[in-house]
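Listed below are the residues making up each chain.
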Amino acid sequence: MNLISRNRRGWRQCIKPFIAVAVVASGVATTAVIAAPQVGASSPVTITYLTHWGPTQVNMLKADAAAFHKINPNITVNFQAVPFGNLLSTIDTQGPSGNGWTIAGIYDLWLPALVDGGLAVNAPSAVASDVKAHWPTNLVTDVTKNGAVRGYPNEVDLYALNYNKALFKAAGISKPPATWSELVTDAKMLTVPSKGQQGFGVITDWAAGVVHPWLSLVDSDGGSLLTGLKPNLTSRAAMAAANLYAELVKAGSTVATMSTANAETTGPFLDNFTSGKTAMIIMANWWEADLQTSMGSKFSDVGAAPIPIGPNGTKSSSVSYSWLTIVNGKANSAKQAAAWKFLQYLNGPTSGKSGSSGMGDALISMGILPSRLSDVTAHKAQLNSPFLKVYVSELKNASPFPTVLGGEQMTDTLQTAIESIDFGTASAAAAMKSAQSQITSILKSANS
Amino acid sequence: MSALGTTSMTDPVAEDRSRTKVPRRRRRPIRLSKVLTSVAIGLVILFPLFPLYWLVISSLKSTHELLQAPPSWFPAHPTISAFKEAFDAVPFAHSFFNSFLYAGTATISVLVTSMMAGYVFSKYHFRGRNVLFWVIVATMFMPPIVTLVPLYWMISRLGLSDSYLGVVLPWLANAFGVFLMRQFIGDLPDELIDAARIDGASELRILWRVVVPLMRPAIVTLGVFSFVYYWNNFLWPLTVLETSSKYPVVLALYQLLSFNMSAQYENVVLAGALVASVPTIIVFLLSQRVFVQGIARVGVKG
Amino acid sequence: MTAGIQSAVSFPSRRRHVGGRGTRRSRRLHEGRWAALLLSPALAIVICFVFAPIALTIWISFHNWSMLTPITQMPWVGLSNYRTIFDDPVFRSSLLDTLIYVGLVVAVTVPLATLIGMLLYFPRNRLRGFARTVLFATYVIPTVAVAIVWGALYEPSYGPLAEMFKAVGLSAPAFLSSPSTALVSLVAFNIWQMLGYYTVLMVAGLTLIPGELYEVASIDGAGIVRQTFAITLPLLRRTTTFVILIALINAVQVFDPVYLLTQGGPINSTDVISYEIQRTAFEYGLAGQASAMSVSLLVVLAAVAAILIGLMRARSR
Chain A
0 MNLISRNRRG
10 WRQCIKPFIA
20 VAVVASGVAT
30 TAVIAAPQVG
40 ASSPVTITYL
50 THWGPTQVNM
60 LKADAAAFHK
70 INPNITVNFQ
80 AVPFGNLLST
90 IDTQGPSGNG
100 WTIAGIYDLW
110 LPALVDGGLA
120 VNAPSAVASD
130 VKAHWPTNLV
140 TDVTKNGAVR
150 GYPNEVDLYA
160 LNYNKALFKA
170 AGISKPPATW
180 SELVTDAKML
190 TVPSKGQQGF
200 GVITDWAAGV
210 VHPWLSLVDS
220 DGGSLLTGLK
230 PNLTSRAAMA
240 AANLYAELVK
250 AGSTVATMST
260 ANAETTGPFL
270 DNFTSGKTAM
280 IIMANWWEAD
290 LQTSMGSKFS
300 DVGAAPIPIG
310 PNGTKSSSVS
320 YSWLTIVNGK
330 ANSAKQAAAW
340 KFLQYLNGPT
350 SGKSGSSGMG
360 DALISMGILP
370 SRLSDVTAHK
380 AQLNSPFLKV
390 YVSELKNASP
400 FPTVLGGEQM
410 TDTLQTAIES
420 IDFGTASAAA
430 AMKSAQSQIT
440 SILKSANS
Chain B
0 MSALGTTSMT
10 DPVAEDRSRT
20 KVPRRRRRPI
30 RLSKVLTSVA
40 IGLVILFPLF
50 PLYWLVISSL
60 KSTHELLQAP
70 PSWFPAHPTI
80 SAFKEAFDAV
90 PFAHSFFNSF
100 LYAGTATISV
110 LVTSMMAGYV
120 FSKYHFRGRN
130 VLFWVIVATM
140 FMPPIVTLVP
150 LYWMISRLGL
160 SDSYLGVVLP
170 WLANAFGVFL
180 MRQFIGDLPD
190 ELIDAARIDG
200 ASELRILWRV
210 VVPLMRPAIV
220 TLGVFSFVYY
230 WNNFLWPLTV
240 LETSSKYPVV
250 LALYQLLSFN
260 MSAQYENVVL
270 AGALVASVPT
280 IIVFLLSQRV
290 FVQGIARVGV
300 KG
Chain C
0 MTAGIQSAVS
10 FPSRRRHVGG
20 RGTRRSRRLH
30 EGRWAALLLS
40 PALAIVICFV
50 FAPIALTIWI
60 SFHNWSMLTP
70 ITQMPWVGLS
80 NYRTIFDDPV
90 FRSSLLDTLI
100 YVGLVVAVTV
110 PLATLIGMLL
120 YFPRNRLRGF
130 ARTVLFATYV
140 IPTVAVAIVW
150 GALYEPSYGP
160 LAEMFKAVGL
170 SAPAFLSSPS
180 TALVSLVAFN
190 IWQMLGYYTV
200 LMVAGLTLIP
210 GELYEVASID
220 GAGIVRQTFA
230 ITLPLLRRTT
240 TFVILIALIN
250 AVQVFDPVYL
260 LTQGGPINST
270 DVISYEIQRT
280 AFEYGLAGQA
290 SAMSVSLLVV
300 LAAVAAILIG
310 LMRARSR
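Residue numbers (numbering that gives the first Met the number 0), protein chains in the order written: chain A, 0 to 447; chain B, 0 to 301; chain C, 0 to 316.
Honestly, the hints are just simulated from the structure, not real lab data. Predicted, not measured: the structure shown is a model, and the values here were computed from it. Some clues are possibly wrong.
What the hints assert, rightly or not - Simulated pairs of lysine to aspartate or glutamate, EDC-like, Cα-Cα distance not exceeding 20 Å:
{"no.": "1", "chain 1": "A", "residue 1": "K187", "chain 2": "A", "residue 2": "E246"}
{"no.": "2", "chain 1": "A", "residue 1": "K314", "chain 2": "A", "residue 2": "E181"}
{"no.": "3", "chain 1": "A", "residue 1": "K432", "chain 2": "C", "residue 2": "D86"}
{"no.": "4", "chain 1": "A", "residue 1": "K61", "chain 2": "B", "residue 2": "E64"}
{"no.": "5", "chain 1": "A", "residue 1": "K443", "chain 2": "C", "residue 2": "D86"}
{"no.": "6", "chain 1": "A", "residue 1": "K174", "chain 2": "A", "residue 2": "D300"}
{"no.": "7", "chain 1": "A", "residue 1": "K168", "chain 2": "A", "residue 2": "D300"}
{"no.": "8", "chain 1": "A", "residue 1": "K164", "chain 2": "A", "residue 2": "E181"}
{"no.": "9", "chain 1": "A", "residue 1": "K194", "chain 2": "C", "residue 2": "E162"}
{"no.": "10", "chain 1": "A", "residue 1": "K329", "chain 2": "B", "residue 2": "D161"}
{"no.": "11", "chain 1": "A", "residue 1": "K388", "chain 2": "A", "residue 2": "D300"}
{"no.": "12", "chain 1": "A", "residue 1": "K168", "chain 2": "A", "residue 2": "E181"}
{"no.": "13", "chain 1": "A", "residue 1": "K249", "chain 2": "A", "residue 2": "E181"}
{"no.": "14", "chain 1": "A", "residue 1": "K443", "chain 2": "A", "residue 2": "D115"}
{"no.": "15", "chain 1": "A", "residue 1": "K144", "chain 2": "A", "residue 2": "D129"}
{"no.": "16", "chain 1": "A", "residue 1": "K329", "chain 2": "A", "residue 2": "D129"}
{"no.": "17", "chain 1": "A", "residue 1": "K164", "chain 2": "A", "residue 2": "D300"}
{"no.": "18", "chain 1": "B", "residue 1": "K83", "chain 2": "B", "residue 2": "E64"}
{"no.": "19", "chain 1": "A", "residue 1": "K443", "chain 2": "C", "residue 2": "E282"}
{"no.": "20", "chain 1": "A", "residue 1": "K340", "chain 2": "A", "residue 2": "D129"}
{"no.": "21", "chain 1": "A", "residue 1": "K194", "chain 2": "A", "residue 2": "D300"}
{"no.": "22", "chain 1": "A", "residue 1": "K432", "chain 2": "A", "residue 2": "E246"}
{"no.": "23", "chain 1": "A", "residue 1": "K229", "chain 2": "C", "residue 2": "D87"}
{"no.": "24", "chain 1": "A", "residue 1": "K297", "chain 2": "B", "residue 2": "D87"}
{"no.": "25", "chain 1": "A", "residue 1": "K144", "chain 2": "A", "residue 2": "D115"}
{"no.": "26", "chain 1": "A", "residue 1": "K432", "chain 2": "C", "residue 2": "D219"}
{"no.": "27", "chain 1": "A", "residue 1": "K443", "chain 2": "C", "residue 2": "D87"}
Kindly produce the complete structure, drawing on both the sequences and the hints.
What follows is the structure, given as structure tokens:
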């Protein structure tokens, strides 16, 4: 049937049109893609605020935006809420075009890369002075990159030892452990395999949840994660913390399979603590909201204590990190200006109740520590609750998690190492050694 | 065709004879093999059914009951509060409309483009036809993640990010559709087409008047397949869309998942999952016979 | 048939061209133009949105790109990304995880689909149709929904599966919570989702086997087992190869359940290649390396596909 192939000229004439169509189509498409101008905005201005918060807090922000709109009728703020697991990829994919988010709430570890990519633009001088005047120095430094303030710090988070007072009473332990050796002894006493109860819980499947509590122990032993750009994972303190975990796992006081977290940072590790199957766990202040909703009245059983001090440590020191709101440098200037204006309002003392800012109110509703000094004063009472009091007082001793380029990959690599100790698939020494070499090269290539 | 199964345990010749000559006894002794078969089929039914059962009862449980360990196997006080909460938390109702728009447009376009392409690949002859066909079909292998980044970059440069067109544009044609249509149209005898051509019909006319009417099973199969595939598609709309009012059902469900603070909201999330599954199940049930046959035919011809 | 068509559709009659090279050539030209017209929409879409992105991915793999800077400003790094990823133990383990996952899925699902296909085809049973429907229905449910349900089923404390194990006196496996069981748990998830689809394909293959073969065999005294191995399986080979191909494509593309349920863990035990690519591009901002991973994946898949398709077409000859 293939008469065509016998006549080459005929074949070429058959093929020509369709090749032509295909080439033209792709040519047009490619040209369009490369030459397409960016879509601009006209006034009135509409900006988008990207966040990972749940509906309660988003509604609070929406109310603030509505109040702002009354004062500035030509600025409309829309909100885009995505699940936490998807936040960074949304920031990365929808940022560069300039038509996506205008304001984003980001984790400070992401700031260096976003600054490099032009997505975290310099704050105007009015904003920069606002930040410098009303925030503690270490947080101002945190949001400053390449000499310029990049946004408004909002939440600051740190870790403490959470424990179940009822279980402690049942085991006859009067107070929470203050040192590592007390931790090991208490954990052993609090482990009741027949009830499925573990003495000391860890977290797996979530990078910050794995690394930060462990690092807090390292910091409380007088160690640190990095010196400049060099990791200290084979140092005395890091090895001691790794061995501590190995010891707890070996004694059965830590059951790794009870530690799973899901993409929303909840899951079995939380459920086991709220249902009284985990006696102690190192966790951050912001899970207070989760605890209260899950435990109801039993929340009064929850106690918080400073991180246990290591054999070579002098004081308890927790890892801390913060979040900030940045403005997209790829958005047009009208949108950027509108965004800074809104942020100034949201973080200022007029947007919230009784001298607090709207942002401060939203944070406190989640049990999160606000960072603006006037907010801390305005919410003194809530911050004085038995649970949050411990975190607030430990804030001054906290060691901020280093925000360097390659930080995400570094955290994931360290996570793998610690998890392998949790599950007993690697020895503490082997895991730390492997992490040390991998992280050294990761940081080197990211910062070259 | 019934040789494997009940009759292999007895002498088939005798069995045959007994069937034709002797009138059937009213009560046959129950064979062990038949019991075993029924049990096996029962297990086969239980396998898909149990998770679906769990989905339904969990969405009807109250928050408190959900946290019981050991879990209850039937809701003590069934309530639809979880469904109400799901619809309040995310714009579920509107997301159905969006899904319908995305999946419907894509399906119609896939049907049209695949039919035309399948017709050319099966009824025309030109040098390089087979190579071109297999190159296109080879793209079926490609995991979507591979092209996600450049594809998003292209769409956003065209100014189409967070738009209905941006979601649907890459979906207007697909390799599987071309593959399927070529298989089905290839079954049509060439004489049919030639006769129409001799009578002076234009190609479009032939397609529309000759090929399409005979393609009903293929259209149903490809139509249902595409509709289900694009309705369930998660990664691409997740990457492209920003405003939740444009979200399809699967993204609304994902948003709902983010509000799952702990196990006690699991009933809300599961209620959402149940609601999200209903449309595709209905479409499937309505077209089951033809669809399953069509898919099977693809495999047989494959 | 022809008469039917002629009566059903009335074409304007034209003077017939009698043979000769002129007719054939003009018909070929005519055909050529129509080929172009009819083929171009599908071809244009596939070229623009499949081939062009693939080409771009290959191009990006030779550069460093954080996706935050313009694509026209990417620095060229040649093969350095490829060297980095193959030196990276995490990437290598993701290749291994993917291989194990795909291998397990295919090794379990295909024989299972064959067995169930035979079960739902040969013995006459009133529940057959219902079984086929329910089995196939799992395929149409959105993966997000399936992931949510299985997340609930796999729950260590409130989950029914754990309960069932405890009820028979066994200690419940850790499912998604332990590196030794997480990947297998995801395999079970995929099997649940896809089994119906592959079973239907198998049943279709079974319909092609003439019944007489079985009758002859049983007259010769062959039992079920012998008949299966001598008749059914050999004659199913073409369908089986096709199902293996489809199962492979589907398994290699796994992403949603990993993204939603395990995030690659614990200890990267469920870090399949698609998840690793997504994480490297969007979390680490290393689109160049992610593209190198994508290209490596494509090469492997192309090789496997070529082998399998070659097998399929050889057998059909």
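What's the verdict on K443 (chain A) and D86 (chain C), does the C-alpha distance respect the 20 Å limit or exceed it? 15 Å, holds
For the pair supplied as a hint, K432 (chain A) and D86 (chain C), confirm whether the alpha-carbon distance does not exceed 20 Å. 17 Å, holds
Taking only the CA atoms, is the gap from K187 (chain A) to E246 (chain A) under or equal to 20 Å? 11 Å, holds
Distance restraint between K164 (chain A) and D300 (chain A), which requires alpha-carbon spacing of 20 Å or less: Holds, at roughly 5 Å.
Between K174 (chain A) and D300 (chain A), is the straight-line Cα distance small enough, at 20 Å or below? Judged against 20 Å, a Cα distance of about 13 Å means the pair holds.
Under the criterion that the straight-line Cα-Cα distance not exceed 20 Å, is the pair K144 (chain A), D129 (chain A) satisfied? 17 Å, holds
Compare the distance between the alpha carbons of K229 (chain A) and D87 (chain C) with 20 Å, and conclude whether the hinted pair is satisfied. 19 Å, holds
Checking one constraint from the list: CA of K249 (chain A) to CA of E181 (chain A), max 20 Å. Satisfied? Holds: K249 (chain A) and E181 (chain A) sit about 17 Å apart, inside 20 Å.
Holds or violated: K443 (chain A) to E282 (chain C), with C-alpha atoms at most 20 Å apart: Holds. K443 (chain A) to E282 (chain C) sits at ~18 Å (cutoff 20 Å).
Hint check: K297 (chain A) vs D87 (chain B), CA-CA at most 20 Å. Holds or violated? Given that 20 Å is the threshold and the Cα spacing comes to 28 Å, the pair is violated.
Between the alpha carbons of K340 (chain A) and D129 (chain A), is the straight-line distance 20 Å or under? Status holds; Cα separation ~12 Å.
Does K443 (chain A) pair with D87 (chain C) here, judged by a C-alpha cut-off of 20 Å? Roughly 14 Å separates the two Cα atoms, so the pair holds.
Checked against the numbered hints given earlier, this structure breaks hints 4, 16, 24, 26; the rest are met.
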